Amino acid sequence: MSGNLRDLSSLDRVIHEPARLMIMTILFAVEEADFVYLQRECGLTQGNLSSHLSKLEDAGYLTISKTFKGKYPLTICKLTKRGRDAFEVYSVKMRFVTEGRSKA
Amino acid sequence: MSSSPPPLLSAEHRAWLYWFDDGLPTLVAGLGFLFAGVAFAYDHSQNSTYVNLAVGFVAMLLYCSILLFHRQMIDWLKAKITYPRTGYAQPPFLGEAVPPPTSLTAAVNHAEEGQGTAEMMRLREYRRQRVLLLCGAVALASFAMIYFRNRWACALAGVVTGLAFWMWGRKVYRLSWLVVAGFPVVGVGLTLLFGDRVYGFDRVTYFLIAAGALLVLDGVTALVGYLHVDPGRR
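Residue numbers (my numbering), protein chains in the order written: chain A, 1 to 104; chain B, 1001 to 1234.
Derived from the structure by calculation, the hints contain no laboratory data.
Keep in mind the model is a prediction, meaning the values are calculated, not measured.
Don't take each hint at face value.
[Stated by the list, open to error] In silico lysine to any residue, SDA-like type, Cα no more than 20 angstroms apart, as pairs:
| # | chain 1 | residue 1 | chain 2 | residue 2 |
| --- | --- | --- | --- | --- |
| 1 | B | LYS1080 | A | ILE76 |
| 2 | A | LYS71 | B | VAL1220 |
| 3 | A | LYS78 | A | ARG40 |
| 4 | A | LYS69 | B | ALA1041 |
| 5 | A | LYS78 | A | THR98 |
| 6 | A | LYS93 | A | ARG40 |
| 7 | B | LYS1078 | A | THR80 |
| 8 | A | LYS78 | B | VAL1220 |
| 9 | B | LYS1080 | B | GLY1189 |
| 10 | A | LYS78 | B | PRO1091 |
| 11 | A | LYS69 | B | PRO1231 |
| 12 | A | LYS71 | B | GLN1090 |
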């Protein structure tokens, strides 16, 4: 049990914040998404979303590219390999914390 | 215990539905069916005038273009209509491999994957199975229309196709009742209109045209609804 408790301290703090966890979950499920879609899905304000995206970008978990679709500018966010790995590890650890290690 | 799906699965499902939300994929698919039907109709036409040949050729060209570039066409239309309003998301599509568990996951030394990832894989497999079921049912309906001269073959084909669309779409796609109920109506309509005077490939041709018109109608209805709900541009 104490082992499980100690695992809580090793959770990725960048992902663990609820808004960032929401962003990571959405981006893990799609190939890529733009700022407007993320804002719509998460229900965050522009400034809030922008700040969380910057933190995730600084951690190397996602890339943000400014591009155009037709004549409309898009800010496209995409999880990096490192971001996908980190999210998988995070979700596995969370399950481990709540359910314990499964018998292999 | 809550029966709601894991957030990861829900996020993927929402992204998937978002692709169809504006009706543009249905509209393009409907145009494809329509052009295919027109091309076959003019190909089998009794009086092969230059105009008939030209119309048939153009329809076939348009059908082939949609078949080859439907994804690009939908994306182009979405770039004009959908993305500026409600944002852009590229969902994972049918046939694309689910990324295998990574080395880092393995490093955590767990025998199982995350529940969300496993559910995503199951959902994609479910979608694939439903598409195969739909294709099988449509092939069966076409076979019945071509080889059974009985006048009710078209009605049966319509019911089978409507049922197949309903089974395909009820869980994985926001399917309109216009399509589900429309196919049996189309089948019965063709039966009453042509009886057993029209048979073989001609029946399939008319059915294709009617199905195309039905899907275009559904796509346009969804698009109008979408523009009504999300009229703004950023």
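Structure-based check of each hint:
A threshold of 20 angstroms between alpha carbons decides the hint, and for LYS1080(B) with ILE76(A) the separation of about 17 angstroms falls inside it, so the pair holds. Between LYS71(A) and VAL1220(B) the CA atoms are separated by roughly 24 angstroms; this puts the pair beyond 20 angstroms, and the hint is violated. Between the alpha carbons of LYS78(A) and ARG40(A) the distance comes to roughly 16 angstroms, so the proposed pair stays at or under 20 angstroms and holds. Of the supplied pair hints, the one linking LYS69(A) and ALA1041(B) is violated, its CA atoms being roughly 37 angstroms apart against a limit of 20 angstroms.
Straight-line distance between C-alpha atoms of LYS78(A) and THR98(A) comes to about 29 angstroms, which puts the hinted pair past the 20 angstroms bound. As the CA atoms of LYS93(A) and ARG40(A) are separated by approximately 28 angstroms, the hinted pair breaks the 20 angstroms bound. For the suggested pair LYS1078(B) and THR80(A), the alpha carbons sit about 25 angstroms apart, so the restraint of at most 20 angstroms is broken. For the proposed pair LYS78(A) and VAL1220(B), the alpha carbon gap of about 31 angstroms is over 20 angstroms, so the pair is violated.
Restraint check for LYS1080(B) and GLY1189(B): the C-alpha separation of about 37 angstroms exceeds 20 angstroms, so the hint is violated. The hinted pair formed by LYS78(A) and PRO1091(B) meets the criterion: a straight-line CA distance of about 12 angstroms does not exceed 20 angstroms. Taken as a hint, the LYS69(A) and PRO1231(B) pair is honoured in the structure, with Cα atoms around 19 angstroms apart against an allowance of 20 angstroms. Taking the CA atoms of LYS71(A) and GLN1090(B), the gap is about 18 angstroms. The hint holds against a cut of 20 angstroms.
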